[in-house]
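> Below are the chains, spelled out letter by letter.
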Amino acid sequence: MPTLTRRQRRRSELAKAETRQALGFISPALAGLAVFTIVPVVLSIVMSLYNWPAFGERSFAGFGNYVDLFTRHPDFWPALRNSAVFTLLFVPMNLIVALSLALALSPRIRGRGAFRVLFFIPVVTPIVANALVWKMMLQPQGLFNGVSTSVFGVELPNFLADRHWAMIMVVMMSVWQGMGYNMLIFSAALEQLPASVMEAARIDGAQGARMIRSVVIPMLSPAIFFATVMTIITSLQVFAQPQLLTGGGPGNATMPLVQFIYNQGFQFQNLGLAAAAAWVLFVLIILITAMQFKAQKRWVHYEH
Amino acid sequence: MSTETGAATLPGGGAGQVKRGNRRARNTRPEGLPGTKHGRLRTVLAHAAVVLAAAIFATPIVYAFFTALKPNTEVFSMPPRLIGSELRWSNFAEVFAYGPFAKYIFNSFFVATAGTLVVLVVSTTAGYAFGRLRWPGRDVVFVLFLATLMVPQEVVVVPMFIVMQWFGWVDTYQSLIFPFAFTAFGTFLMRQFFRGIPYELDEAAKVDGASAVRTFLQIILPLAKSAVAVLAVFTFLAFWNSYLWPLITVVDYQSHGTLPIGLASFSGQHGTRWDLQMAAAIISMIPTTIIVIALQKHLVKGIATAGLGGR
Numbered sequence: 030m031p032t033l034t035r036r037q038r039r040r041s042e043l044a045k046a047e048t049r050q051a052l053g054f055i056s057p058a059l060a061g062l063a064v065f066t067i068v069p070v071v072l073s074i075v076m077s078l079y080n081w082p083a084f085g086e087r088s089f090a091g092f093g094n095y096v097d098l099f100t101r102h103p104d105f106w107p108a109l110r111n112s113a114v115f116t117l118l119f120v121p122m123n124l125i126v127a128l129s130l131a132l133a134l135s136p137r138i139r140g141r142g143a144f145r146v147l148f149f150i151p152v153v154t155p156i157v158a159n160a161l162v163w164k165m166m167l168q169p170q171g172l173f174n175g176v177s178t179s180v181f182g183v184e185l186p187n188f189l190a191d192r193h194w195a196m197i198m199v200v201m202m203s204v205w206q207g208m209g210y211n212m213l214i215f216s217a218a219l220e221q222l223p224a225s226v227m228e229a230a231r232i233d234g235a236q237g238a239r240m241i242r243s244v245v246i247p248m249l250s251p252a253i254f255f256a257t258v259m260t261i262i263t264s265l266q267v268f269a270q271p272q273l274l275t276g277g278g279p280g281n282a283t284m285p286l287v288q289f290i291y292n293q294g295f296q297f298q299n300l301g302l303a304a305a306a307a308w309v310l311f312v313l314i315i316l317i318t319a320m321q322f323k324a325q326k327r328w329v330h331y332e333h
Numbered sequence: 036m037s038t039e040t041g042a043a044t045l046p047g048g049g050a051g052q053v054k055r056g057n058r059r060a061r062n063t064r065p066e067g068l069p070g071t072k073h074g075r076l077r078t079v080l081a082h083a084a085v086v087l088a089a090a091i092f093a094t095p096i097v098y099a100f101f102t103a104l105k106p107n108t109e110v111f112s113m114p115p116r117l118i119g120s121e122l123r124w125s126n127f128a129e130v131f132a133y134g135p136f137a138k139y140i141f142n143s144f145f146v147a148t149a150g151t152l153v154v155l156v157v158s159t160t161a162g163y164a165f166g167r168l169r170w171p172g173r174d175v176v177f178v179l180f181l182a183t184l185m186v187p188q189e190v191v192v193v194p195m196f197i198v199m200q201w202f203g204w205v206d207t208y209q210s211l212i213f214p215f216a217f218t219a220f221g222t223f224l225m226r227q228f229f230r231g232i233p234y235e236l237d238e239a240a241k242v243d244g245a246s247a248v249r250t251f252l253q254i255i256l257p258l259a260k261s262a263v264a265v266l267a268v269f270t271f272l273a274f275w276n277s278y279l280w281p282l283i284t285v286v287d288y289q290s291h292g293t294l295p296i297g298l299a300s301f302s303g304q305h306g307t308r309w310d311l312q313m314a315a316a317i318i319s320m321i322p323t324t325i326i327v328i329a330l331q332k333h334l335v336k337g338i339a340t341a342g343l344g345g346r
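Protein chains in written order, with the working numbering: chain A, 30 to 333; chain B, 36 to 346.
Derived from the structure by calculation, the hints contain no laboratory data.
Hints may contain errors.
Unchecked claim - Pairwise CB distance ranges (calculated):
1. B:V286 x A:I315: 30 to 38 Å
2. A:G234 x B:A93: 43 to 51 Å
3. A:A44 x B:K332: 37 to 45 Å
4. A:T34 x B:K260: 41 to 49 Å
5. A:W328 x B:A182: 50 to 58 Å
6. B:G203 x A:L52: 23 to 31 Å
These numbers were taken from a predicted model, which means no experiment stands behind them.
Virtual Cβ for every residue (Gly too), placed ideally from N, Cα, C.
My request is simple: use the sequences and hints to build the entire structure.
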């Protein structure tokens, strides 16, 4: 009996010591998270309920900012629409190009490592640099129109000044810049496909497109699901590309939600309204992500 | 290796082993029937498609590079030409004379390096506490950590700016380094990795009387080198490329502007110096490109294990 209690005491002392040490290990992260995430999140909720100019008097507004956004503000619905249009165009194009390239870069391609690096470089280079390069090429006197006019004699529209073309070009530039990330995810997933299943399918006569459609894609579906979820989230947060290519214009034709938030907060100094719009974005992201997780049962195949 | 030993130990089985080895080599090429006309045509077509895609893909960067070497008056020549009347390498030097471009580069390096160090310290220690130590409330706190991952940057930038005002940090290096160095992603990544290490190691260390700090520094951390490296690279790139937050918190571009902010400075009221802007863009791409090329072998593996969590 006495030995047992001693052991128990010893064990509880050890547990206490471990808890103390754990607190030491966790405290930098906890402190940082509290100051730089929890406080801003709480503050953001509070701000969204106030008229909160950058300078001057604040006043409580209740849900006034939210009501304003949906009923009165001329730029909010267009911003919401632009984010939706961008996402609907960008995500499928990104995934299709990324998957095609990952499949094309099969082991029999010589120098596939070098190709992969090439396709991945725009992902890691500063997005501002990428956007400025595209902006130069899309000028009326730039590469695209220059080649078209002098080689084919066809004058192209002024891409960045045209309501419809501007968004398409923002999407094109974004696909070029971001697709390499998903390509690498698909490449990694392709390399982990069980050789036995591929072999079995091959023996059963599956080849080429059939093989890809009926065997490879279902087996890749967890990776495709992951890439879809992440890509939709990032595309709802698009900011730099339209801001640099078009400034959100012409008019507000390419101004997405995040640029609306930025403009309201830091140009028109309307911090409360900006905070409210940010929460609308957050809820939108959560809803869409939740819907995807619900829908995944129907098309994502996991092992086991 | 197994083929060789097999051939050596199984008398008479040598030929068969070699044949099987060949077949295995063939099978690493999907639907490939090399040697047959059909297979060779397919391989050639596949290469052609990949090369074409790569050429289209590389065009913006190649064109930007040669634009960086043109006189500004020839940037928009008609018909467009890849190479101008001269190769003006001096443009790359002029970039540094045009504005405080060296300062922007220094700021980006400093902020990205310091930010990465903070992230590594915070993520490994917290990951260790979550992954390998037992303490009351651990799982609840961990869920809280994960929940913060769902908050998009846009939700916190506006109040974060206010917090920076409270601290008096607007337009300082601190405000570029700290606000986004405490994301839960790194902690989550390190926790997952630490959990995969056998627990017998800790037990043995404990029996030998090692403290948690010592176990962490001398046993667990050295085993996690690859995960730490992956986290370091992704963090560095994220800081190097970040745009929205510096745009908000930097007021005086001359003193605290980072490279992405500085790149826009070649567009002014008197038009854009496209030649210099492209030279600056190319310069800003060099460090990240070197990192990617140096790490290309680990890239796919890193994305497979770490990338599956976001940028």
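> Evaluate each hint against the coordinates.
So, going through the hints one by one against the coordinates:
1. B:V286 x A:I315: 30 to 38 Å: At roughly 33 Å between Cβ atoms, A:I315 and B:V286 fall inside 30 to 38 Å, so the hint holds.
2. A:G234 x B:A93: 43 to 51 Å: Violated, since A:G234 and B:A93 (Cβ atoms, about 38 Å apart) do not stay within the stated range.
3. A:A44 x B:K332: 37 to 45 Å: holds (43 Å)
4. A:T34 x B:K260: 41 to 49 Å: holds (43 Å)
5. A:W328 x B:A182: 50 to 58 Å: violated (27 Å)
6. B:G203 x A:L52: 23 to 31 Å: holds (30 Å)
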